[in-house]
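Spelled out from the first residue to the last, the chains are:
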Amino acid sequence: MANRPMLEIVSLEKRFGPNTILKKIDLKVAEGELVFVIGPSGSGKSTMLRCCNRLEEPTSGDIIVDGRNIMAGTRRDLDRMRLQIGMVFQGFHLYPHMTVLKNVTLAQRKALKRTKAEADARAIDMLEQVGMAHKADAYPGELSGGQQQRVAIARSLALDPKVMLFDEPTSALDPELVGSVLKVMKDLKSKGMTMVVVSHEMGFARETADRVVFMDGGVVVEQGTPDEIFGAPKAERTRAFLSRVSG
Amino acid sequence: MDRFLQTFFNPVVMAQYTPDIIAGVWVTLQIAAAVIVAGILGGLALACLRSYRIRALNFFIICYADIFRALPPLVVILILYFGFPSIGIQLSGPMVLFIVLAATLAAFAEEIFWAGFSSVEKGQWEAGIATGLGFTRTLAYVALPQAVRLAIPPLVNRVLAITKMTALGSAIGVSEILSSATTAQSFSGSATPLTMSVVAYLVIFLPMVVVARWLESRTAWKKR
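Residue numbers (my numbering), protein chains in the order written: chain A, 1 to 247; chain B, 248 to 471.
It cannot be assumed that every hint is accurate.
[Said to hold, decoys possible] Here are the simulated DSS-like cross-link-like pairs (lysine-lysine), alpha carbons at most 27 Å apart as the crow flies:
id	chain 1	residue 1	chain 2	residue 2
1	A	Lys113	B	Lys369
2	A	Lys162	A	Lys24
3	A	Lys28	A	Lys186
4	A	Lys135	A	Lys113
5	A	Lys113	A	Lys102
6	A	Lys110	B	Lys369
7	B	Lys369	A	Lys162
8	A	Lys135	B	Lys411
9	A	Lys102	A	Lys28
10	A	Lys102	B	Lys369
11	A	Lys102	A	Lys186
12	A	Lys135	A	Lys28
None of these hints come from the bench; they were simulated from the model.
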């Protein structure tokens, strides 16, 4: 695996009023690496992810994507760099007034300025990759949660991002639909996508993650390979958390 | 019974004043159309501006919306028509009627569209912004279509309520339906022209009421 860092989080701090949510977080994600972030609710893991494309504005620190600092530059630069950072939400957030195809082509047309033909072709490719091409003309309201999430993944992928952020992508899904989304994420990993995943799917982490990061109280407590973290956690807090979730 | 018919449905009077009433219908339609277009677009523009959350600007938008929703349009019409010439601003009757009704509709429409924007999920904005659309394009392509759908039923009702107020033009001599009818009534000494105005208003506004009802019964879009 290449060692070039694709995403670097440098002493990232986030405060909401008197509360410090993230305390000087440092994290490097190499090209093609899948970093899996776990931790109790309120540990700051989602906030960290949302700071990576400035949906949440960091209080201080730097976010460097493929060598470029997204904290520097103009608003317009930021929007351009956001195209390189795919984001998948817990709640899917597909546009309900557009067909699946339109959902996947909108940002391609309006932000990347692709022609309709280019955008449509790319959208169909991506929808095929997530197994949703047959629903291109359906509206989001006609799809199951798992299907909606796969379309949301395709919508991000169509913009050719350099890194994909997953914010609890399966937490809103019925258990029987989780597998289809995880499979798409696994395919993506095998194609070499750089991914940061915040999730509670420990089985998936064990199987697919290159590295597991445990966060608590706004800091990275411990990180290592899945075997290290799940098999022999060093920190007491990690052990406590893992025994709670597996318990 | 004969006297009732003679008063309200006198055929001679009807024949004589039908052209006047039709001319009034035409004036009402023109002003109403202009008010609808200007009021809705104005309200939509204000609601869009408000979504940028620029504090000073929003203060003015909210003041405007609240004041024009609070004031009876007739008061503003009278001030503009009878008061403004004294300070050198001379506006024609139809122009005053148009300005005041459009401004009133814009104030209500702004609030209705704003309610629509407010009920668009935060996640929709985040999805647009995360895909590099930026605020303005997310507003235009993601939030606006959803806000407009939500706004249509209450908006149609408000449009109806305000376009009916074209009848206030009779207070400043705009020859719309009611004005034509009352003029005809004083010349003929018969209430029949007023009956004719009722028919004219029903012909114009009843279809709008039916459309409003239909829009209200229709669900916004396919259920999730």
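Query raised in the report: Going straight from one Cα to the other, do Lys102 of chain A and Lys28 of chain A come out at no more than 27 Å?
Result: At roughly 34 Å apart (the allowed maximum being 27 Å), Lys28 of chain A and Lys102 of chain A break the hint.
Query raised in the report: Is the hinted pair Lys135 of chain A and Lys411 of chain B satisfied, with a Cα-Cα distance of at most 27 Å?
Result: Since the Cα atoms of Lys135 of chain A and Lys411 of chain B sit roughly 46 Å apart, the hinted pair is violated (cutoff 27 Å).
Query - Lys113 of chain A paired with Lys102 of chain A [C-alpha distance capped at 27 Å] - result: holds (14 Å)
Query raised in the report: Would the pair Lys110 of chain A and Lys369 of chain B pass a check requiring their Cα atoms to be no farther apart than 27 Å?
Result: holds (20 Å)
Report task. Quickly compare the C-alpha distance for Lys135 of chain A and Lys113 of chain A to 27 Å and report which way the hint goes. Result -> Roughly 24 Å separates the two Cα atoms, so the pair holds.
Query raised in the report: Going straight from one Cα to the other, do Lys102 of chain A and Lys186 of chain A come out at no more than 27 Å?
Result: Satisfied, since the Cα-Cα distance of roughly 25 Å is no more than 27 Å.
**Report entry** Given hint Lys369 of chain B paired with Lys113 of chain A - CA-CA distance at most 27 Å
**Finding:** holds (25 Å)
Report task. Starting from Lys162 of chain A, check that the Cα of Lys24 of chain A is at most 27 Å away, please. Result -> This hinted pair holds, its Cα atoms lying about 24 Å apart.
**Report entry** Hint consistency between Lys102 of chain A and Lys369 of chain B [alpha-carbon to alpha-carbon, up to 27 Å]
**Finding:** holds (20 Å)
**Report entry** Given hint Lys28 of chain A paired with Lys135 of chain A - CA-CA distance at most 27 Å
**Finding:** violated (37 Å)
Query - Agreement of Lys28 of chain A and Lys186 of chain A with the hint, judged by alpha carbon distance not exceeding 27 Å - result: holds (21 Å)
Requested in this report: Verify the proposed pairing of Lys369 of chain B with Lys162 of chain A, using a straight-line Cα cut of 27 Å.
Outcome: Cα-Cα ~25 Å, so holds.
Violated hints, in rising order: 8, 9 and 12; the structure is consistent with all others.
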